[in-house]
Amino acid sequence: MNETQFWTFFFIILTFGIYIIIAWRSRVKETKEFYVASQGVPTLANGAAVAADWMSAASFIGMAGLIAFLGSDGSVYLMGWTGGYVLLALLLAPYLRKWGKFTVPEFVGDRYSESVRIVAAIAAIVVSFTYVVGQMAGGGIVFSRFLGLSIEWGVVLVAVVIFIYAVLGGMKGITYTQVAQYTVLIIAYLIPAFAVAYQTTGIPVPQISYGQILAELDSLSVEFGLNEFTEAFSGRAGGQIDVFLVTLSLMLGTAGLPHVIIRFYTTKTVRGARYSAFWALFFISLLYLTAPAVGAFTKLNLLQGVQGQGPDSLPDWINTWAPTGLVTVNDDAETIQTVSNLATSGADLIVNNDILVLASPEIGGLPAPIVGLMAAGGMAAAMSTAAGLLLVISSAASHDLYFRVFKKTGASEKEQMLVGRLAMGVAILFAIWAGINPPAFVAQVVAFAFGLAAASFFPILILGIFWKKANGPGATAGMLTGLAFTGTYMVYTLEVFGTSANEHIFNVSPEGIGAVGAAVNAIVMIVVSKLTAPPSAKVQEMVEDIRYPQTRKAAVRS
Amino acid sequence: MSDVAHEGTSGAPPEAEDTSWRKRYWKKNLRLMITLLVIWFTVSFGFGILLIEPLNNIVILGFPLGLWFAQQGSIYVFVILILVYALWMDRIDDEFGVAERNEEGGYK
Numbered sequence: 022m023n024e025t026q027f028w029t030f031f032f033i034i035l036t037f038g039i040y041i042i043i044a045w046r047s048r049v050k051e052t053k054e055f056y057v058a059s060q061g062v063p064t065l066a067n068g069a070a071v072a073a074d075w076m077s078a079a080s081f082i083g084m085a086g087l088i089a090f091l092g093s094d095g096s097v098y099l100m101g102w103t104g105g106y107v108l109l110a111l112l113l114a115p116y117l118r119k120w121g122k123f124t125v126p127e128f129v130g131d132r133y134s135e136s137v138r139i140v141a142a143i144a145a146i147v148v149s150f151t152y153v154v155g156q157m158a159g160g161g162i163v164f165s166r167f168l169g170l171s172i173e174w175g176v177v178l179v180a181v182v183i184f185i186y187a188v189l190g191g192m193k194g195i196t197y198t199q200v201a202q203y204t205v206l207i208i209a210y211l212i213p214a215f216a217v218a219y220q221t222t223g224i225p226v227p228q229i230s231y232g233q234i235l236a237e238l239d240s241l242s243v244e245f246g247l248n249e250f251t252e253a254f255s256g257r258a259g260g261q262i263d264v265f266l267v268t269l270s271l272m273l274g275t276a277g278l279p280h281v282i283i284r285f286y287t288t289k290t291v292r293g294a295r296y297s298a299f300w301a302l303f304f305i306s307l308l309y310l311t312a313p314a315v316g317a318f319t320k321l322n323l324l325q326g327v328q329g330q331g332p333d334s335l336p337d338w339i340n341t342w343a344p345t346g347l348v349t350v351n352d353d354a355e356t357i358q359t360v361s362n363l364a365t366s367g368a369d370l371i372v373n374n375d376i377l378v379l380a381s382p383e384i385g386g387l388p389a390p391i392v393g394l395m396a397a398g399g400m401a402a403a404m405s406t407a408a409g410l411l412l413v414i415s416s417a418a419s420h421d422l423y424f425r426v427f428k429k430t431g432a433s434e435k436e437q438m439l440v441g442r443l444a445m446g447v448a449i450l451f452a453i454w455a456g457i458n459p460p461a462f463v464a465q466v467v468a469f470a471f472g473l474a475a476a477s478f479f480p481i482l483i484l485g486i487f488w489k490k491a492n493g494p495g496a497t498a499g500m501l502t503g504l505a506f507t508g509t510y511m512v513y514t515l516e517v518f519g520t521s522a523n524e525h526i527f528n529v530s531p532e533g534i535g536a537v538g539a540a541v542n543a544i545v546m547i548v549v550s551k552l553t554a555p556p557s558a559k560v561q562e563m564v565e566d567i568r569y570p571q572t573r574k575a576a577v578r579s
Numbered sequence: 006m007s008d009v010a011h012e013g014t015s016g017a018p019p020e021a022e023d024t025s026w027r028k029r030y031w032k033k034n035l036r037l038m039i040t041l042l043v044i045w046f047t048v049s050f051g052f053g054i055l056l057i058e059p060l061n062n063i064v065i066l067g068f069p070l071g072l073w074f075a076q077q078g079s080i081y082v083f084v085i086l087i088l089v090y091a092l093w094m095d096r097i098d099d100e101f102g103v104a105e106r107n108e109e110g111g112y113k
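Note that the protein sequences, when read in sequence, are chains A and B. Quick note, this note's numbering runs 21 ahead of the 1-based positions in the first sequence. Quick note, this note's numbering runs 5 ahead of the 1-based positions in the second sequence.
Incorrect hints may have been included.
Said to hold, decoys possible - In silico lysine-lysine, PhoX-like type, Cα no more than 20 Å apart, as pairs: (1) A:K122 to A:K53; (2) B:K28 to A:K435; (3) A:K490 to A:K551; (4) A:K119 to A:K53; (5) A:K53 to A:K435; (6) B:K33 to A:K435; (7) A:K551 to B:K33; (8) A:K435 to A:K489; (9) A:K119 to A:K551; (10) B:K28 to A:K50; (11) A:K122 to B:K32; (12) A:K490 to B:K28; (13) A:K559 to A:K490; (14) A:K122 to A:K435; (15) B:K32 to A:K489; (16) A:K489 to B:K28; (17) A:K428 to A:K490; (18) A:K559 to A:K122; (19) A:K50 to A:K489; (20) A:K50 to A:K122; (21) A:K559 to B:K33; (22) A:K435 to A:K119.
As the list claims (entries may be wrong) - From the structure, some residues in chain B lie toward chain A, with a derived Cβ separation under 7 Å: (23) F52; (24) I85; (25) E105.
No wet-lab data here; the hints were simulated from the structure. Note that CB positions come from ideal geometry on N, CA and C, so glycine has one too.
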């Protein structure tokens, strides 16, 4: 075992041990604990848990690499995955917390109708499942590189640990392990970033100092046949309109993703939900503000390291990563003339986006413990998100589907818990299978989950809160057309299910179609709601009621 | 729009007064929300996407300004917007007597 492997084992065993201890201490017996952690999670802890829930393998492992090669257009992920929190904080979180039950489908069930609840539960399962696949695959990559395990065993090991704490502790176990996982992942992300910034520029604040290297990075990038980092609309083929729509889709999807929304159900008060949203975005921003700097510094180091070198004299990290198949060198080239992140580009050196962050300590020449910490951080990011998603899948399957469709009455508390846990177990088995056979790049898979969430949940939640006349038939029709429209365009433009990829219409990429799908959903919903009977007085009263944090105290007048 | 006037709890103010505070509370909430969303749109979609090219002609500390907004500035503003919302809503809650400060157990 070499030094890097020793430190990787050290940090992985240490962190996994911590997660399991937390899980044991927060094991639960009741459904209210299992689904919403008894609504007793303090604001700051919930903020950290949201951040870990949110920052996935794609954020941690894939994003900086994506930005490194996309350059300026990498902002779609930066703004998209943070801007959605403003919508969530202002438009959704406080109201859904006030309503205060267990799941997102349950809210739309109360607000609209049982059939909307069933459609929403199925949509929640599909969206979360798309997303969980990326986490499993991300965990597998970490294991295969750092510990020499096969990707299959990596995925199984990740799943077993998640199984232990998710099934034992439900939302409560997941929440407190997520707080620990946030701590691990943010430390792992920031230390190498600050070290690389200091090495390169002498200023240990990457968010500020990466400006200094941009001019040099631009000219080196051009030399290796890549687009300039600072040039807008050069990284994505669709140009400005595509960047706009992808950003919007990611924002709307962020605000509509059930695994994020349910975290706001766990706070003590409506006020707690507002401040949780603030802490969540604050914690998230620590990583997101650093990611473009990591991308820029790592790319610069990478290009400088291979400049003028032949295939035999490349830096060591390329050899250590070659067995994973994520780096390929053209051995016939005299010196490395071209670099790319696309496998089909035929460049002399091909680097997969996903390894830029994981290899950044090695690319920057940092010591072995930091490389090991990086591996633990990547695992924390993948596991925390996977656990949150699995809870959504299991709660939708048991609480929203099984006990509504198959066994409507007479389920005891004990039986509900058993079915909830069983659903969690089945979901994990599915996740293992999908993680071993992932459909495409980690970050790309996740981007589609957002489009689907934007086109299904966001409009019916917003209209459900802000427009009293929105009704069940409207929501059903809106959600189904939104999903069908978005899904069809994705299948039309992507090679999935054996179909061939067609041209993008109006330069809109499949990642950006969710925003259009959301508009289609909203329009259909408004039209159908207008044409059919308004919701009952009871439902309208509920909509009125969730707008105010609590019953007004009689003594106070204004 | 059938505004609901029934409070359901004992000691609530009379119906007419009840409805009017709710409307004013909601209006203040909406006004704050819209103001913050306008800023949200301006810094991200405005500065970071629609106006990114002209803003890139201004370079500060090595950053073309449009790029800075797209990758850094917009995110700082997002964080501040949510904090301002939470703080301002506390004030509105206080004003209307629906504040939840120091309520560890939450409402029922």
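Going down the list of hints, with the structure as the test:
1. A:K122 to A:K53: 9 Å, holds
2. B:K28 to A:K435: At roughly 44 Å apart (the allowed maximum being 20 Å), A:K435 and B:K28 break the hint.
3. A:K490 to A:K551: 8 Å, holds
4. A:K119 to A:K53: 16 Å, holds
5. A:K53 to A:K435: Holds, at about 12 Å.
6. B:K33 to A:K435: 45 Å, violated
7. A:K551 to B:K33: 27 Å, violated
8. A:K435 to A:K489: Judged against 20 Å, a Cα distance of about 37 Å means the pair is violated.
9. A:K119 to A:K551: This hinted pair is violated, its Cα atoms lying about 27 Å apart.
10. B:K28 to A:K50: 42 Å, violated
11. A:K122 to B:K32: Not OK: A:K122 and B:K32 at ~26 Å, beyond 20 Å, violated.
12. A:K490 to B:K28: At roughly 17 Å apart (the allowed maximum being 20 Å), B:K28 and A:K490 satisfy the hint.
13. A:K559 to A:K490: 12 Å, holds
14. A:K122 to A:K435: 19 Å, holds
15. B:K32 to A:K489: Holds, at about 15 Å.
16. A:K489 to B:K28: Satisfied, since the Cα-Cα distance of roughly 14 Å is no more than 20 Å.
17. A:K428 to A:K490: 31 Å, violated
18. A:K559 to A:K122: With a Cα-Cα distance of about 17 Å, the restraint between A:K559 and A:K122 holds, given a limit of 20 Å.
19. A:K50 to A:K489: Not satisfied, since the Cα-Cα distance of roughly 37 Å exceeds 20 Å.
20. A:K50 to A:K122: It holds: about 18 Å lies between the C-alpha atoms, which stays within 20 Å.
21. A:K559 to B:K33: 25 Å, violated
22. A:K435 to A:K119: Not OK: A:K435 and A:K119 at ~27 Å, beyond 20 Å, violated.
23. F52: 10 Å, violated
24. I85: 9 Å, violated
25. E105: 4 Å, holds
Hint compliance for this structure: hints 2, 6, 7, 8, 9, 10, 11, 17, 19, 21, 22, 23 and 24 are broken, all remaining hints hold.
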